[in-house]
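Student: Could you build all of it, start to finish, from the sequences and the hints given here?
Line by line, the protein sequences give chains H and D.
Sequential numbering from 626 applies to the first sequence in our numbering.
Sequential numbering from 626 applies to the second sequence in our numbering.
Hints were generated in silico from the structure; no laboratory data involved.
Predicted, not measured: the structure shown is a model, and the values here were computed from it.
Take these hints with a grain of salt, some might be off.
It does not matter which identical chain is used: a pair holds within one copy or between any two.
[To be verified] List time: in silico DMTMM-like cross-link candidates among lysine to aspartate or glutamate, alpha-carbon distance up to 20 Å:
| no. | residue 1 | residue 2 |
| --- | --- | --- |
| 1 | K726 | D808 |
| 2 | K726 | D738 |
| 3 | K801 | E774 |
| 4 | K801 | D738 |
| 5 | K643 | D797 |
| 6 | K662 | E650 |
| 7 | K680 | E708 |
| 8 | K711 | E700 |
| 9 | K788 | D687 |
| 10 | K680 | E661 |
2 protein chains.
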Amino acid sequence: MKIGILGTGMVGETIGSKLVQKGHEVKMGSRSATNEKAAQWVSKSGNKASQGTFKDAAYFGDILFNCTKGEISVEVLRSTGEETLKGKILVDLANALDFSKGRPPGLIFGTNDSLGETIQRSFPDLKVVKTLNTMNCTIMVNANRVPGEHDVFICGNDPEAKKKVSDLLANDFGWKNIIDLGDITGARASEMLLPIWLRLYGTFGNTDFNFHISR
Amino acid sequence: MKIGILGTGMVGETIGSKLVQKGHEVKMGSRSATNEKAAQWVSKSGNKASQGTFKDAAYFGDILFNCTKGEISVEVLRSTGEETLKGKILVDLANALDFSKGRPPGLIFGTNDSLGETIQRSFPDLKVVKTLNTMNCTIMVNANRVPGEHDVFICGNDPEAKKKVSDLLANDFGWKNIIDLGDITGARASEMLLPIWLRLYGTFGNTDFNFHISR
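Tutor: This is the structure in structure tokens:
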């Protein structure tokens with residue numbers, strides 16, 4: 626499959642590397658077509674990896690991964706041009722933390738909205754699927770990193786897009802427990818897990834944990 | 626132990642009944658000393674159960690359980706008189722949902738504050754311990770109701786009060802996995818679990834589930 630990664634940080638690199646390893650063609654996008662971090666990633670990732678602008682990556686991919694910080698995600702997507710995004714699937718795994726009032730951080734979109742919904746509202750022809758945002762990126766791409774049963778949440782307005790993303794999660798990232806939270810308003814529910822995730826990170830001192838719904 | 630229950634709803638009744646069953650003396654408080662629901666509960670609960678006003682219950686208990694709705698909790702506590710609350714432990718298991726903007730509901734205290742913190746700020750001499758607010762009340766008092774591993778979160782500013790409440794959770798309610806989130810600011814983290822709890826309730830169609838942190 627052709628995949629566009631938006632963002633060159635640790636999350637983008639981890640997702641991109643895993644998808645290349647699984648045989649997908651991956652273009653990593655950033656503000657500049659010659660971004661150094663993307664160039665380094667391409668040089669070590671073989672001929673299925675490439676780089677470009679955000680627009681290049683969005684144009685290239687059938688499925689796009691939003692690996693930018695939540696506070697700039699809409700602006701980044703806007704920069705690709707709305708026409709570019711039409712009909713594409715965007716896997717939104719970002720979070721939008723608000724450190725303006727100190728720590729622990731709040732959430733930029735509060736409790737009656739979310740980043741996922743904001744992106745979907747801003748780009749109605751994009752199929753936003755919110756998932757993977759409730760764990761460290763090393764676990765996103767390798768569910769077996771955490772022992773025992775644990776879950777990934779998914780939500781979005783387009784059932785077919787959710788199905789495609791679920792298949793990718795299962796086949797490429799090893800996810801067995803995928804909990805469907807319904808339409809994109811479920812994004813506010815999963816984004817509100819971030820504060821306790823941060824708290825647990827502080828308590829445990831590492832990121833090798835994940836949520837599980839026992840029943 | 627002497628326990629005061631604030632509130633006569635399903636949560637108050639479930640907590641009160643379990644504590645009576647475990648041998649504690651329990652007074653259920655409400656606005657009126659002759660509240661009918663409290664009277665019914667007393668009549669079926671034996672001689673360790675009694676009823677009174679919120680103030681009576683707060684005066685009676687060494688440990689108090691806040692089983693009122695989060696939107697009225699501070700007002701209820703205020704009605705008991707600050708002197709009454711001095712040095713007492715309050716187990717705050719309430720949540721404060723905001724339905725004013727429709728469904729799914731938001732949280733009244735947003736993402737930079739919480740009910741637990743608001744109560745602690747309002748009554749500095751009360752030892753607020755936030756716990757049990759992330760599950761149905763039938764599970765609060767009977768951890769074995771959900772199979773396998775699952776967790777209860779606890780937080781508060783007073784280590785001794787947390788220890789006393791943890792002992793009660795373990796001995797009377799059967800909790801093995803108690804995760805300490807630190808000081809009372811952890812309340813915003815656990816209160817932000819409510820939106821996904823509500824979503825999962827809608828998805829599963831029942832309340833027999835709970836959060837577990839796998840690691």
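Student: So, for every hint listed, does it hold in this structure?
Tutor: Hints, verified against the model:
1. Proximity of K726 to D808 under the C-alpha cut-off of 20 Å is restricted to the inter-copy arrangement: shortest distance 18 Å between copies versus 30 Å within a copy.
2. For a Cα distance limit of 20 Å, the shortest separation of K726 from D738 qualifies both inside one copy, at 19 Å, and across copies, at 10 Å.
3. In this assembly of identical chains, K801 and E774 lie within 20 Å of each other by CA distance both inside one copy and across copies; the values are 9 Å within and 18 Å between.
4. Taking the closest pair of Cα atoms, K801 and D738 never come within 20 Å of each other, the shortest separation being 29 Å inside a single copy and 35 Å across copies.
5. Proximity of K643 to D797 under the C-alpha cut-off of 20 Å is restricted to the intra-copy arrangement: shortest distance 8 Å within a copy versus 47 Å between copies.
6. Only within a single protomer do K662 and E650 lie at most 20 Å apart by alpha-carbon distance; the minimum there is 18 Å, versus 65 Å between protomers.
7. Taking the shortest alpha-carbon separations for K680 and E708, only the intra-copy value of 10 Å comes in at or below 20 Å, while the best inter-copy value is 64 Å.
8. Proximity of K711 and E700 under a CA criterion of 20 Å is satisfied intra-copy only: 16 Å inside one chain copy versus 51 Å between copies.
9. Taking the shortest alpha-carbon separations for K788 and D687, only the intra-copy value of 14 Å comes in at or below 20 Å, while the best inter-copy value is 53 Å.
10. For a Cα distance limit of 20 Å, the shortest separation of K680 from E661 inside one copy, 17 Å, qualifies, whereas the shortest one across copies, 66 Å, does not.
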